[in-house]
Amino acid sequence: MKILVAVKRVVDYNVKVRINADASDVATDGVKMGINPFDENAIEAALQLKEQGKASEIIAVSLGTNANQDVLRHALAMGADRAILVETDSKLQPLAVAKLLQAIVAQEQPSLILLGKQAIDDDAGQTGQMLAALLDYPQATFASHLQLENNELLVTREVDGGTETLALNLPAVVTADLRLNDPRFVKLPNLMMARKKQITTLNAAELVVDTASRLTLIKVAEPEARKAGMMVTSVEQLLRQLRDHEGINL
Amino acid sequence: MNVLVLAEHDGQHLNPITLHAITAAQFWQSPVHVLVAGNALDSLVDSLSDIIGVAKVIKAEASHLATPLAEDIANLIVSISTDYQVILAAHSSFSRNALPRVAALLDVAMISDALEIKADQTYVRSIYAGNILTHIQSQDTQQILTVHSSHYIAASTHGGKAQISSATVPAAFHKTRWISTKHAQSDRPALNSAKVVVSGGRSLGSAENFEQILSPLASKLNAAIGATRAAVDAGYAPNDFQVGQTGIVVAPELYIAVGISGAVQHTYGMKDSRIVVAINQDPDAPIFQVADYGLVADLFTAIPAITAAIQ
Chain U
1 MKILVAVKRV VDYNVKVRIN ADASDVATDG VKMGINPFDE NAIEAALQLK EQGKASEIIA
61 VSLGTNANQD VLRHALAMGA DRAILVETDS KLQPLAVAKL LQAIVAQEQP SLILLGKQAI
121 DDDAGQTGQM LAALLDYPQA TFASHLQLEN NELLVTREVD GGTETLALNL PAVVTADLRL
181 NDPRFVKLPN LMMARKKQIT TLNAAELVVD TASRLTLIKV AEPEARKAGM MVTSVEQLLR
241 QLRDHEGINL
Chain G
1 MNVLVLAEHD GQHLNPITLH AITAAQFWQS PVHVLVAGNA LDSLVDSLSD IIGVAKVIKA
61 EASHLATPLA EDIANLIVSI STDYQVILAA HSSFSRNALP RVAALLDVAM ISDALEIKAD
121 QTYVRSIYAG NILTHIQSQD TQQILTVHSS HYIAASTHGG KAQISSATVP AAFHKTRWIS
181 TKHAQSDRPA LNSAKVVVSG GRSLGSAENF EQILSPLASK LNAAIGATRA AVDAGYAPND
241 FQVGQTGIVV APELYIAVGI SGAVQHTYGM KDSRIVVAIN QDPDAPIFQV ADYGLVADLF
301 TAIPAITAAI Q
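If you're matching them up, the sequences are chains U and G in order.
Per the working numbering, the first sequence runs over residues 1 to 250.
Per the working numbering, the second sequence runs over residues 1 to 311.
Source of the hints: derived by calculation from the structure; they are not laboratory data.
Be aware that one or more of the hints could be misleading.
[What the hints assert, rightly or not] Going by beta-carbon spacing under 10 Å, a handful of chain U positions derived as facing chain G: (1) D123; (2) G125; (3) L131; (4) A133; (5) L170; (6) A212; (7) S213; (8) L238.
[Said to hold, decoys possible] Below 25 Å or equal to it, Euclidean Cα-Cα: the simulated SDA-like pairs (lysine to any residue) are: (9) G:K56 <-> G:D46; (10) G:K175 <-> U:V105; (11) G:K175 <-> U:E149; (12) G:K175 <-> U:Q147; (13) G:K56 <-> G:S166; (14) G:K271 <-> G:T23.
Since the structure is predicted, the reported quantities are computational estimates derived from the model, not experimental observations.
Backbone N, C-alpha and C fix where the C-beta goes; we use that ideal spot for every residue, glycine too.
My request is simple: use the sequences and hints to build the entire structure.
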């Protein structure tokens, strides 16, 4: 069984992003970039299925410029077998990403496609569901547990107020939540070994997919920050403030 | 053209977040239809038809919709989509699962978690865990979005006179099978609609402390209990307690942050609360920057003292 894992290159989660000088977009020049954390969970899930003898090959795919080689090397160092870079200079929105991934699925015919449940830059959380829809595949989003038995994938999903368990026929699309697993650390020798693994580069234009932007970015702004209020020195003062000044019935 | 709102419910009760979505839907000044999918929905449909601002309730009943799959909800919405200029729902795990699927089937770029709806198909939404706001304009003729419910007031639940109609339900999607749903058993209000939320962080130290310190206070305040990702990862609280970028976004009247440092991923999920109280031993904890009232204190003595002092 072949598994395709989609990985996105995003601003590192520790970086506090700023807007650029003319407020037209987020300033990303010179900012530390890395793999989207949820996508690491997706890779780890694929690796665990391979270690259980249930998957034969793991292919990592990323969409973007040549700079995305770094996140693909990261996926290869974690243990992916090979990687595909779909090169484009366009800023891709989730629908366009889903269409490009659909083209890759048509070429590779994986039995399972794993993605992170959302990217920590745009926080859209749409790509996996869109890809499943385009392929008419079953989907399980926000996965926190995954088990492959008799060609059926049992997935536990984190939903508001609890969990839900689904059984999916393969091929299927699953998006990973943080609690699906603890992604392994990449050791230096593996990083060196990953350099020998193959990254195939495709031009997005060759895939004949409409990737035109449908959402025009007008401007960006920093949200009005919540203002710090007052420090109180005792429980009594706190309760007095809440009762007398905020009208809270305690 | 009309606006379609996807209702969220548990079979008996409407999730109150749907009332906020109905208010958001009024923006287009077109008839608002509410789609309710499930099984044996008569009493729910009656209460929906009483909501002010709803022109029509569309009932979609089928046994397989009792535990609805995203695949089935998406196919159902697509089957009636030609009547709608706008399709929206309150942002939740249910809508986040189903609506992107609808959007792809209709070849529409979707807007997730819109904070504000403006003229000319322009929306404000946040990115980077709420650190940046973007103004985006959709070029699609049809609009598909989820809305940030706390930014819209709830529609009134009495006094409306909506028509009721039934939709033909498409055949069930056979490649996915529902197995089970586990709801956290709780007498407390739901986290995403509670008026008061008491949340705990890793400083609570154990699952036992989390329960023993926070439960009595939450009970007295009729509050929901929330947690940081760190507390959930440490096993102090179940995953559906998580407030933040990757969990639930809350906006209660009163949010009490107990032993929470205040990482941006957490504050994203609570910064729309009316009043934030933070109790933390570390005077430099970033949570104090977003709190209306901060108390530097040992939570193990302060919280029982607050609990005891409340009527």
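A quick look at each hint next to the structure:
A distance limit of 10 Å between C-beta atoms decides the matter here; for D123 of chain U the minimum to chain G is near 6 Å, and the interface restraint holds. Given hint, G125 of chain U at the interface with chain G, holds; its Cβ is 5 Å from that chain's nearest Cβ, closer than 10 Å. With its C-beta approaching chain G no nearer than about 8 Å, L131 of chain U sits inside the 10 Å limit, and its interface hint holds. A least Cβ separation of about 4 Å between A133 of chain U and chain G falls short of the 10 Å threshold, and the interface hint therefore holds.
For L170 of chain U, the suggested interface contact is upheld, since its CB lies about 9 Å from the closest CB of chain G, less than 10 Å. Taken as an interface hint, A212 of chain U checks out: its beta carbon lies about 9 Å from the nearest beta carbon of chain G, inside 10 Å. For the restraint placing S213 of chain U at the interface with chain G, the shortest Cβ-Cβ distance is roughly 8 Å, inside the 10 Å limit, so the hint holds. Annotation: L238 of chain U was flagged as interfacial toward chain G, and the flag holds, the nearest CB pair being 5 Å apart, inside 10 Å.
For the proposed pair K56 of chain G and D46 of chain G, the alpha carbon gap of about 11 Å is at most 25 Å, so the pair holds. Distance restraint check for K175 of chain G and V105 of chain U: the Cα-Cα separation of roughly 18 Å lies within the 25 Å cut-off, and the hinted pair is therefore satisfied. Note on K175 of chain G and E149 of chain U: the hinted pairing holds, with a Cα-Cα distance of about 15 Å set against a maximum of 25 Å. Between K175 of chain G and Q147 of chain U, the direct Cα distance comes to roughly 16 Å. Compliance with the 25 Å bound is thereby established for this hinted pair.
For the suggested pair K56 of chain G and S166 of chain G, the alpha carbons sit about 10 Å apart, so the restraint of at most 25 Å is met. A hinted pair counts as satisfied when its Cα atoms are at most 25 Å apart, and K271 of chain G with T23 of chain G qualifies at roughly 22 Å.
Figure legend: structure checked against the earlier numbered hints; every hint is met.
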